Amino acid sequence: MYSSAHSREFPACSGCSLCRLVCPMWRSHRDPRFSPEGLAKALQCGATAAELAAPLDACSFCGACDPVCPERIDLTGMIMELRRQLPQSATTVNVPVPPGPAPAGALLLPGAALRADPALLTRVKGLLGIAVAADDGADIAQALETGGAIDTPRQRAFLRGLDGRTLVVGDALLLRQLRRWLPAARLQGLGEALGNVGVIRRRLASADFYVIEARAYHADYERLVGHYDGLRADTGCAMNLDLQRIAIPAVDEAEARWMLQGRRPARIVVENPAEREILRRVADVPVLHLAELAEA
Amino acid sequence: MNIPPVEPGTVGPCPVAPDALQGIKRQQTNPARWNGAGWQDFVAAVRAAGVELAEGSTACGMYATDAGGTAYGQPHGVVVARNAGQVSTLLRAAQAHRVPVTVRGGGLTTEGESVAFGGVLLDMSGMSRVLNIDAQNLTVRTEAGIYWHSLAEELRRENLDYLSAPLNLTSSVGGTLGVGGIDVNSARLGCSADQAVSLQVVTPTGEIVECSDDENAELFQRVILGYGQFGVITEATLRIRPYTPLAMHYYYYSSLATAIEDLQMLDRNDASDYSGILTIMDCAVNLLVAFDSDEREAAFKANWEARLRGFGEAGFALCMLGHYALRPWRIGEALYLLQRKQAVFPEFRRPEFHRDGKMHDRSVVFSRAVWKHWGSRQMVIPDLATPADTFIEAVERGNAVCRKYFPHYTLYCVGIKLRPEHKPHYEMSCVPPGAEGWAYGCEFEPMIEGEVYSRDHFQAFKNAIYDIGVDLGASYYRFGGMMKGYIRRVFGDALVDRHLAMKRKADPAMILNRDVIF
Ligand SMILES: Cc1cc2nc3c(=O)[nH]c(=O)nc-3n(C[C@H](O)[C@H](O)[C@@H](O)COP(=O)(O)OP(=O)(O)OC[C@H]3O[C@@H](n4cnc5c(N)ncnc54)[C@H](O)[C@@H]3O)c2cc1C
Ligand code: SF4
Ligand code: SF4
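Chains as they are written, first to last, in numbering that gives the first Met the number 0: chain H, 0 to 295; chain S, 0 to 517.
Keep in mind the hints are simulated off the structure, nothing from the lab.
All values derive from a computational prediction rather than experimental measurement.
Certain hints may be false.
[What the hints assert, rightly or not] Label pairs and their computed distance ranges (CB to CB): (1) H:Glu221 / S:Leu337: 21 to 31 Å; (2) H:Glu221 / S:Ala493: 54 to 64 Å; (3) H:Ala204 / S:Val129: 29 to 39 Å; (4) H:Ala204 / S:Ala399: 51 to 61 Å; (5) S:Ser453 / H:Ala105: 56 to 66 Å; (6) H:Gly225 / S:Val208: 44 to 54 Å; (7) H:Arg179 / S:Glu426: 56 to 66 Å; (8) H:Arg179 / S:Val451: 24 to 34 Å.
Built from N, CA and C at the ideal position, the CB exists for glycine as well.
Given these sequences and hints, build the entire structure.
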């Protein structure tokens with residue numbers, strides 16, 4: 000929250016513990032080793048990635064720790080890098096590249112979760128009115144998630160022709176990475192793009208509980224905190240934000256329960272299709288994806 | 000100085016004699032490291048009893064220092080607190096094997112009090128769950144390792160709030176109840192330690208005891224504001240209140256003394272819900288005043304605002320313009336003021352924390368400003384707490400010390416309402432002897448601004464501030480902790496020896512937080 004310019008590394012960690020306040024991994028373990036602070040401090044003491052395998056595995060890459068770190072350490076980047084160093088992560092991604100160039104204009108890169116629900120993908124495509132990229136880099140997103148190595152020719156092939164364009168990216172970890180790889184592209188997460196569609200915005204009601212996708216939000220926090228504050232002011236709906244205006248992700252049922260504790264919404268609206276399933280398991284009210292609102 | 004060697008397994012004499020600091024510019028904060036005698040037997044005993052104890056630099060390294068960043072030490076091993084039974088097992092074994100135990104909550108001390116110089120570090124953050132919220136009686140029962148901010152998160156789901164807590168997000172309930180805990184509403188609601196209704200404490204010999212003003216009152220009195228000497232606080236019942244957003248007002252002064260007089264006038268008359276002073280420079284002093292309700296705000300406007308001698312923002316800007324127009328050679332100062340205003344003011348006005356002219360979640364707004372603008376890897380925050388009538392003198396003398404040591408610094412002054420019935424809690428604590436009604440605290444915080452200062456420089460600065468306290472018969476509100484070497488000078492041998500005798504009785508092997516006070 001203090002700055003969007005993340006440049007510093009683990010030696011800068013002062014041990015202020017602010018990252019623990021927002022970290023779901025810390026909330027579920029209540030052990031300082033399972034926190035960004037614990038990782039940074041262990042690295043300061045010379046720990047190797049292998050010694051830190053358990054917390055590295057438990058991190059959900061929600062990105063909540065990045066914007067709150069007053070030392071501006073790129074904590075998600077640090078954890079991704081460490082995951083790459085774990086022995087079991089040494090798998091190289093190299094899938095066949097789809098033939099032909101991507102269509103002109105704005106593009107939707109849906110990502111695995113949205114592709115897994117073709118009906119929802121069709122709705123999203125219709126609402127945004129943009130073409131779907133044949134190559135959405137799902138394999139690269141998976142490599143980012145698991146710490147797999149990314150083959151350079153594959154990366155080049157995926158990025159070819161994307162810079163400078165408007166891209167709506169469904170996979171938020173890929174979105175985060177694309178901000179670095181494609182400095183001239185206009186990048187949006189799925190939630191932000193759909194939230195700006197008039198028919199959807201109009202159908203959000205004050206009794207709704209709106210679940211912001213944590214990864215996309217935290218990766219562009221300074222800008223998006225204003226976007227969502229505007230959405231809240233326009234629609235009156237409550238959101239999965241804590242007192243620091245950091246998003247609580249429904250990474251598992253325990254976190255989903257914490258997110259909903261003390262809230263009594265009539266309906267839950269999610270940006271991330273994967274969270275829809277988890278929330279349905281713990282909530283006794285309808286859980287819809289943002290794109291489903293248009294027809295609700 | 001000749002420091003006698005410490006016998007293995009015993010606690011040596013205090014390496015800092017009562018008068019050791021006179022004329023000495025630098026006093027090292029680190030006590031001697033415990034020699035490790037019997038460690039392996041102790042580890043075997045606690046592990047056999049089912050307590051998880053981690054060793055090695057990966058586990059211990061994260062506790063190498065506290066927020067102060069000037070005292071460094073490492074424990075031999077770490078236990079993350081899980082429940083009172085486990086803490087009890089640990090303390091019993093520690094007594095038997097004479098192994099020191101240092102308790103750590105948020106680790107926000109600045110004199111190394113939560114740093115372990117050998118022995119076990121007991122990290123209370125593992126006990127951080129809210130156990131029960133009683134919205135009817137406005138109390139909460141919580142595990143004591145919880146951060147105040149996490150407590151606020153849970154209370155807020157029920158539209159409730161704590162009464163008062165330090166403005167930093169990561170101090171813990173247990174750590175704060177033992178220290179004080181000052182908020183911008185303390186002039187009205189008292190310190191955090193006064194909010195405790197009852198506690199579950201594990202004594203240094205391992206008994207699990209519930210205590211309050213009515214039950215085991217003596218233990219309660221010693222544990223509250225007792226700097227972790229008489230037990231580990233494992234659970235606390237605290238008073239709470241309904242959540243309210245705030246209406247904030249700022250008044251600007253060019254005189255510290257005038258601002259303090261006005262602050263004390265507001266406090267005496269219960270004219271505001273929140274009040275405090277934050278200086279930007281000696282000639283730019285900000286008095287902040289805030290309200291929980293429109294009624295209180297309206298009453299302030301009708302009865303008290305006109306009596307304040309400070310300016311609004313625009314009036315003060317004009318005043319400063321005139322001031323520097325007549326003193327062009329001080330343009331550097333004016334630029335600093337402007338730059339500070341541009342950096343800090345927006346932080347207090349972020350739109351996502353404001354609705355309909357009111358500030359929401361003030362603790363977040365204030366705390367993140369604290370970390371962003373005053374935080375650094377070394378935090379040097381000596382403070383003074385005095386009765387109301389000597390406060391201006393203490394602050395002006397402290398301010399002069401700051402001026403001597405640093406180009407830029409901030410002073411933070413607040414009132415602390417005292418509860419007469421809590422007098423026994425206040426003995427040998429941050430509450431200055433002789434204070435009636437209110438005590439006043441001032442924290443002196445240099446702006447490090449990326450500069451590198453030697454530890455000697457920091458230490459000499461702190462000594463100079465603490466010396467004022469000794470001179471004025473003040474105490475320290477323990478924003479930044481008090482150097483152990485000053486304890487006897489401030490409280491006197493008779494009182495300290497009486498507490499030492501109580502400590503020896505309660506903690507025969509002197510294992511618990513043993514380097515903090517005695
Ligand atoms: C940036 C910053 C801002 C601050 N702002 C404020 C402020 O606004 N107001 C204010 O009053 N103070 C403030 N402080 C001081 C700090 O908040 C207090 O020292 C305090 O509340 C410490 O809480 P903690 O959990 O960090 O305790 P720790 O530092 O972990 O411990 C404090 C002492 O209590 C002992 N202890 C810890 N937990 C327990 C327990 N459960 N049972 C028994 N003993 C225990 C420790 O051994 C240690 O001696 C600030 C400090 C910093 C660095
Ligand atoms: S990315 Fe999320 S889960 Fe991982 S360390 Fe940061 S806050 Fe914790
Ligand atoms: S917020 Fe940043 S500086 Fe603070 S403990 Fe976490 S990683 Fe370290």
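Consistency of the hints with the structure:
| no. | hint | result |
| --- | --- | --- |
| 1 | H:Glu221 / S:Leu337: 21 to 31 Å | 23 Å, holds |
| 2 | H:Glu221 / S:Ala493: 54 to 64 Å | 57 Å, holds |
| 3 | H:Ala204 / S:Val129: 29 to 39 Å | 30 Å, holds |
| 4 | H:Ala204 / S:Ala399: 51 to 61 Å | 60 Å, holds |
| 5 | S:Ser453 / H:Ala105: 56 to 66 Å | 58 Å, holds |
| 6 | H:Gly225 / S:Val208: 44 to 54 Å | 51 Å, holds |
| 7 | H:Arg179 / S:Glu426: 56 to 66 Å | 58 Å, holds |
| 8 | H:Arg179 / S:Val451: 24 to 34 Å | 32 Å, holds |
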